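Novice: Chain residues, written in single-letter form:
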Amino acid sequence: MLQLTREIKRNHELIWALALKDLQIRYKRSALGFLWSLLNPLLMMVILTIVFSTLMRFSVKDYAVFLLSALLPWTFFSQGLSYAVESIVANAELLKKVAVCRSVFPMAAVLSNLINFLLSLIPLALVLLVLRFPFHLAWVYVPVPLLGLILFTMGCGFFCAAANVFFRDVSHIVQIVLSAWFYFSPVIYSLDLIPKRFRFLFEMNPLAYILNGFRLAIYYGELPSLASAILSVAGGILAMVAGYYVFRRNEDWFVYYI
Amino acid sequence: MASCRVRFENVTQRFRVIQERPDTLREAFTKMFRHGSRVFDFDALRGISFTIGDGETIGIVGRNGSGKSTILKIIAGVYHSTSGRVEVWGRVAPLIELGAGFHGDLTGRENIVLNGLLLGLSRREITAREDRITSFADLGDFIDSPVKQYSSGMYMRLGFAVATEVDPDILLIDEILSVGDAEFQRRCVTRIEDFRQRGKTIVVVSHSVGTIQELCPRTIFLEGGRIAADGPTDEVLAKYSKALEGPREAPRLIQEGARSGR
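The listed protein sequences derive, respectively, from chains D and W. Taking this note's numbering, I'd label the letters of the first sequence as residues 1 to 258. Taking this note's numbering, I'd label the letters of the second sequence as residues 1001 to 1262.
Bound-form chain W, shown alone (with noise of 0.2 Å):
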């Protein structure tokens, strides 16, 4: 762990909520015409601070709105946090939502191309992916056929296939094994172990104990946007499972957002 891939420092990601609960009859019929009539702040995040080493492997794991894949996005690159100090080294390939881009009228082939380019893989390196892609995601004759003729599990396989393909410094995974089927899912196991192996650093997200476990010697577990413990899986878990066990804090808005820029 000598280098550090992923730095977040006192991270705070606040979203705006729109609420639109009419109180008076009057206010649903006005809703109709005017948008966001009550604007309320969220915060996902709220002053997280944690590293990543290189070749971590670490898992996430929390309840429902807890900040998991806030994380993720904030490491991908899709957010800007909104305080705090967020650094990140290297190449990241997000598995958040597989096949994210692909256009339903395109085939899997055309797909592999603009997927390839939108994760940032020149076309040359895409051309020189492309039969590795096709035999991993495996779909036959259905390669050339618009990806809207393929069922989810086939448009995950070719999300999955493309995205690892990328050869990332840091793969993102969002709770994505749970596609496919057991043959599929293997492989996508073998192909994480592999990239562990290679040295890569790997965020898992997950609500499956198993594939945590399985898979992150370190985890973080958080709660309400706020780490509510960090170290050695099988501790965290434990304090996972405990916590899990007990009420849940619903999550609640915050002031009326008047603050921040936008």
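Chain D with its partners taken away, still in its complex shape (with noise of 0.2 Å):
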């Protein structure tokens, strides 16, 4: 972990730099460009506010709020890995030539999608003033599943990178793995919607303490008790720490399987 803040801080330019080039060359060529990052959450929650809301009737008050509270940290996360996953693979040619410090690209992949992330929070309040949603205190609490977030997305991304440059399979192991994640965690519906014989399934995983951190705050204006909150940040950590040494301990060999 020591050697991964002295890699931050050596390279924090260049990863900035990486992550705004991600960004610059993803709306290049757009006319509506950064736009569309506000834009995708914006017709995302509408039509998964017209399915569940309005044809199958989730009986949920403001379910555009409920939604987004969760949906948006999803995104980020589901995003964030799918960019990471390639990372290494994608900058082969770089890797083989130059002696660049090779964490820099799983993080800038999470960066950019960060950045991303924080500017589709502008829909979210938007919707937020829209609706007259009131106004919560809890709010506040917002930055520690955030943290949380972060580091669960960044450890996943540090392992899957490293493990997709020795079978490719995992970038389509990915995909299918994010899909079923979705929907087994509390994004579309909540937590109460699950029969208590299937709870286990979802105290199991590290999304559900952050997502639901997200919701609860966002949306109910609430705290999550104090074991859900140090779980939420406990699992980030945990996936950080593990998807880091497996990616430390790899990336010598990269540059012979790219």
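The set of hints was computed from the structure by calculation and includes no laboratory data. None of the values given here were measured: they were computed from a predicted structure. Each residue gets a CB set at the ideal place from its N, CA and C atoms; glycine is no exception.
25 Å max Cα-Cα, derived DSS-like pairs, lysine-lysine:
#	chain 1	residue 1	chain 2	residue 2
1	D	Lys9	D	Lys21
2	D	Lys96	D	Lys9
3	D	Lys96	W	Lys1148
4	D	Lys96	D	Lys21
5	W	Lys1148	D	Lys28
6	D	Lys61	D	Lys196
7	D	Lys21	W	Lys1148
Only some residues are given here: those of chain D computed to face chain W with a beta carbon under 8 Å:
#	residue
8	Glu13
9	Leu14
10	Ala17
11	Lys21
12	Lys28
13	Glu93
14	Leu94
15	Lys96
16	Lys97
17	Val98
18	Ala99
19	Asp252
20	Val255
21	Tyr256
Label pairs and their calculated CB-CB ranges:
#	chain 1	residue 1	chain 2	residue 2	range
22	W	Glu1009	D	Glu93	26 to 32 Å
23	W	Leu1253	D	Leu2	38 to 44 Å
24	D	Arg249	W	Lys1148	34 to 40 Å
25	W	Asp1138	D	Thr5	40 to 46 Å
26	D	Ala31	W	Ser1208	45 to 51 Å
With the hints as a guide, bring both chains together as one complex.
Specialist: Written out as structure tokens, the structure is:
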């Protein structure tokens, strides 16, 4: 971990530049450019709200807020991980020629999606305003699950980026796992809808604590139990330690396999 | 040659090589689903030892696949030798393949910043060098166009301009002086001369005997991953050209790769 902070300190300018490059390229030659970061979650919300609130009649008040409060962090996780898993392989040509610190690539992938996530909070704020949603003091709690989320995404990103170098199947597997994970996490529904005997599935899911933290604070205006708060950050730290360990153990081999 | 910049001690570099020559129709069929059917080892360098002193300009010659570029990549820190000891003192600028890390959608100017950061400069150092880089690359208005619209020569010019502005202690040059037009080549040579006069260490890999003769007092001749000759350029080049007349030993793979970690 000490090594990681040293790498970040030495390369923070490079990580920033790579992340901004990522965003810049993502929206290059598109008429709306950065606006897509704002439009995407809005359109996603409209679709899901129509499906679940109108067609399937989930009886949740202000479903849009309910949904966005967990959907936005989820999107950050799934996009961040999808970008990170490819980050080493995608920079193969560079890594074969220049001795550059390898951990910067997954970190930049997650950072660019973090910026995107922070931008997507703007449409959330708009929705709150339009619905005249009451202000909650609990909103100040949001940085806690956010920290857990960043660490968790980064940890999974390190692990998958390394694994993908040796087995390209990993990037395909990640996509499948992500879509299953989406439905097994409290994003479009709340945990109360889950029968008691299946609850254990969610208790094992570190993301559930994180997403729940976001939703409790933003939508319900409540704080989670201390245990749940600790678990949401602990899950992130654990993923980070394990993911980075695997990455470091293998990074010297990357160049021969990409 | 008081202090030493690069020291190789009995360095071996082993690569995994996958052979995909199907022996049977069934193998050809299953190969589509199964990767890396047979793995062999290939030693690109076999127990090489040499030192490069501070301020030395050294040439490396040899046929294709003799290990020249592998040596440069080990010095640059891209490869970690399989066995043996490698020591490198000082900042290395790899002119191994120019423009590695350029992104086609970014403009020349944006790529200068990104490439500079990748080569280990800070943003402040890059800003300070930007004017010199753009004027050396001499791309005119194209500097603000996406590099995917550059000609290959323009691409190389920008790459050379960035890499040599890193102000390295050790400059690695791999067969790049053949790019660009005559005028740009001349400026590259001038710049390398300039490096030399400032007491920098330079390693040149080239197939051009003329380039080596012009730049390097000392030369290493590699053959099949071993040092065949190391000494004054004239003597080594004489051996090299003699060897070129002889038959070439085709690269051979060794044993089924079961050993060594991964």
